[in-house]
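Using the numbering used here, you'd call the opening residue of the sequence shown number 40 and step up by one each time.
All clues given are correct.
Calculated lysine-lysine pairs in the PhoX-like style (CA-CA distance at most 25 Å, straight line):
1) K928 to K649
2) K478 to K362
3) K695 to K739
4) K162 to K143
5) K1104 to K561
6) K561 to K523
7) K727 to K525
8) K620 to K355
What the hints contain is simulated information worked out from the structure, not anything from laboratory work.
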Amino acid sequence: MSGIRGNSSRVASLLVWISVLIAASSLRGVWCQGEDEYMIYNQIRDLTKIFNKEITSTLGFCTRDVDHDLDGAFEFENNLDFLSNCVKETKDVTKRICTAAEIKFYFSSFTKTDADADAQVLKLNRNCNLNSWVPGCEPGWACSVPETEQADLKNIEIPDRVFDSQPCCAGFFCPRGLTCMIPCPLGSYCPRAQLNQSTGVCEPYTYQLPPGSTTHSCGGADVWAGVGGSDDIFCSAGSYCPSTIQVIHCSRGHYCMQGSTEETVCFKLSTCNPNSNTQNLHAYGFMLIGALSLVLIVFYNCSDQILTTRYERMAKSRERAIKSARETAHAREKWQVAKDVARKGAIGLQKQLSRTFSRNKDDAPVPASSNKPTTGVHNAKKEAGNLTKMVQSIDSDLDSNSGFDMAIGDRNIKKQEPKAKQFHTKSQIFKYAYGQLEKEKAMEQMQQNLTFSGVISMATETDMKTRPTIELAFKDLTITLRNKHKHLMRRVTGKILPGRISAVMGPSGAGKTTFLSAVAGKIRGCHISGSILINGKPDSIHCYKKIVGFVPQDDIVHGNLTVEENLGFSARCRLSAHMPKPDKVLVIERVIEALGLQAIRDSLVGTVEKRGISGGQRKRVNVGLEMVMEPSLLILDEPTSGLDSSSSNLLIRALKREATEGVNICMVLHQPSYTLYQMFDDLVLLAKGGLTVYHGSVKKVEEYFGSFGIHVPDRVNPPDHFIDILEGIVKPCAGVTAEQLPVRWMLHNGYSVPPDMLHYCDEIASASKGGSSIGAQETPEPSTPGSEWKEEEQEPSIKFLKIHDLSNRQTPGFMRQYKYFLGRICKQRLREAQLQAADFFILLLAGACLGCLSKTKGDTFGYYGYMYSVIAVSLLCKISAIRSFSMDKLHFKRECDAGMSTLAYFLSKDTIDLFNILIKPLVFLSMFYSFSNPRSTFPENYIIVLCLMYCVTGIGYVFAIALQPAQAQLWCVLLPVVLTLIANQDKGDKVGRILRQYCYPTWALEAFLIANAQRFSGVWLITRCASLNDLGYDVHRWLICLLNLIISGIGFRVMAYYSLLKLGKK
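Produce the entire structure from the sequences given, and follow the hints as far as they go.
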């Protein structure tokens, strides 16, 4: 940092002038013997009023309270020994102190010269010029006015002060080129100089005696300047100066910084040897980091223990609920058996009595014969009622399932069944859920054993659960790559019906995934033509996104959550907000059981770095994320890839159960087994280029291909055979080629054939028997969903209509989703404690290293240490912030497409990061502050680092969301370095001066420097004002700098959120 230049010289001269006023005002206590001290004091006071406005306007940038700072530099009332000694020595102190005119000259000389201010070179004046250079013009000497004159401090002209040249008094300094004295400020040591015979220097100062003068001796101090230019009069470090003529060494247990007026008591645990200039705060730093470590360790361990205990209690409660549900189901079976036996016994007794009554018809009276069977039936009913009471007593037991507290066999079960809202505790909820599951199992078993009439009877007595249906119809769906005119799909027509499972198959490059992406509204970068209708209306699929599930090919599952946590979060955020919690738990338990995930429900899914569940189990969890939201349309992209045959069968059976509730299921498959193939309802077979070969029932696909001579060989899986034909591996029968199959399907259903494929029609016609037209060829009647297309449903092209919700499902609002996201991220961060510990450890090392390298120096006020700290903190916090979003982009994209709140996702991440933002400044400063030991307080440094971290974390969010991880990390390294270089541009650079005003390092550095510099007072006043002036800082801007950091952090978060919205729409 440069010395005092330009305007800094003006600051120095003004301070010297102020010193005259304050010192003169202090003289009234000395001249009580023979001097009218009150008259002098009033003159000084009037002079201060005259120049008060100029002083305030000039020094406003480096002092908050002018009066307070000047009192700290020139309040001599407590010790006026130096004045008493000077009076005794000179007898005319008032005639030797500089007047206002001399001060103005001193001021103007520095502001108009281009020389280095530290050289303290004055222009020639009335008393010191080429013609008159009295000994009082030399450094450390001063003169007096004639005895017949009085020095008026308000005099606007320099007085004739060339008489009685004497050395400057101790406690004063006399600059070269002026013949008056100026009091030294507090914190300085200004004794009479002593000549060093070997060097010829007047020590402790640096000036020499004028050559050729034998009567001239060393005088007093000659200059008061910034510590970088001359620290001659500064009280040395390790000592303190209670007055400007006294120096005392610091005692043990105290420390004295440079320019101190009193010794400061060290803290109890710090070490302070004699003559110490700082106190060793390492113990406090280690104590703080130890306390933080203890709190964090306890927090993380307790949180993990709380989670573990919670899961153990839930597991025990779940086991009790399962046991209770099974016992209740077993009791219900016994009741059903007893009921059947009672019914059969009653019927047999009735028949026997009827036969007996008919034999004794003529012998017994009619009333007597009619009473016997009635009594028997009555006893049977009474017995049944007792059994009902027995089951009810079992159900009312605490270990029983309260969900079945009803008379079994009653046709009005729905009315007697308790509402899910009545359950509040975990035990009650689990009993309800597992009781319902056992009931559903029993119902399925009954359906398998019932005859057709029994099924009809059950359907009339039991309310079957159904969901809103979604029927997808598409006509001439064509997808073309933009700017390449390459068809990914051509002329695809058909329907995907609710309550059925449709399988999309074909060779590689047939556009299977493209077809599903187009249907799901997820395709990008392509031109789509044709029509897509939903329930017969040209609505966007996004209008139904709350009830549409899409399972991507990649297993996008949170690896640091358990299986149940993944499923539970998806269910809570995507099911209806009005659905009671027990019913949501029931949905989750039903999916876990259907997918065979009971054994791993509490296991972490795992990541690349940390092993978790197997790949097949992860695939089933990926499917379960969409099943728990009870979709009406479920689209799956290769859900069986990586699964063995048993897992695949388990998955398809679970999907078959979903289809019975009216769910429209469509999936892409590669080479399913024959057993799996027979479980599908419809088949969509595509050829290369996205052309339809078949779209219809699985039961009629062989009949269709057999109509023109393609038969499946024995022991060959039909889809494998058809795909091999389309791939060209297997050649079809004579007269049929793989290229003709899409055209045959078009002709079979009466669709128009593209012009570039008309030659295949001729080949098909020529291959037909007798050259007859293809229309006369015998083929089965169209039975495919695509053949039922109605012409009135056609639309000219796909239109991106205004999206409005048509799903009829009200999912949880922003606040509830924010709560769910907050809970999920808390669990994830607790399981990433090692990463958090690594971040804290790196901050500790950075704080210790920077604290050792950046000891606070008076000429810079710790500027370079703070500059390195800004770079280090920015880099580390941005790298940490990148992890918050860059690793979850795919998860966010999936959740955003599912209709979850983007704002809740973003704010929950930011809220959890705020915890780190509050802790990390403590971690960093625990080392940095204790090693660098600045004069600014710990709370001030904490607030600045806190605001800085809040700002740079927002920048990290923008990089993490808008850029790829590698690019984001590169920018996080480059940006703080570049912006810090801009913040250090010279004030003379116009472009740099404009840019530095909008750089966050400028605001942070200014806040650090202001907090530290304003603790330097007294003799440091010139150094403080000069340094702040050179840097262009203002002590009144401390809060503004903090607000700039906070506002910029908010602004960067707004940018990050906007980028997140754009990412969700890609």
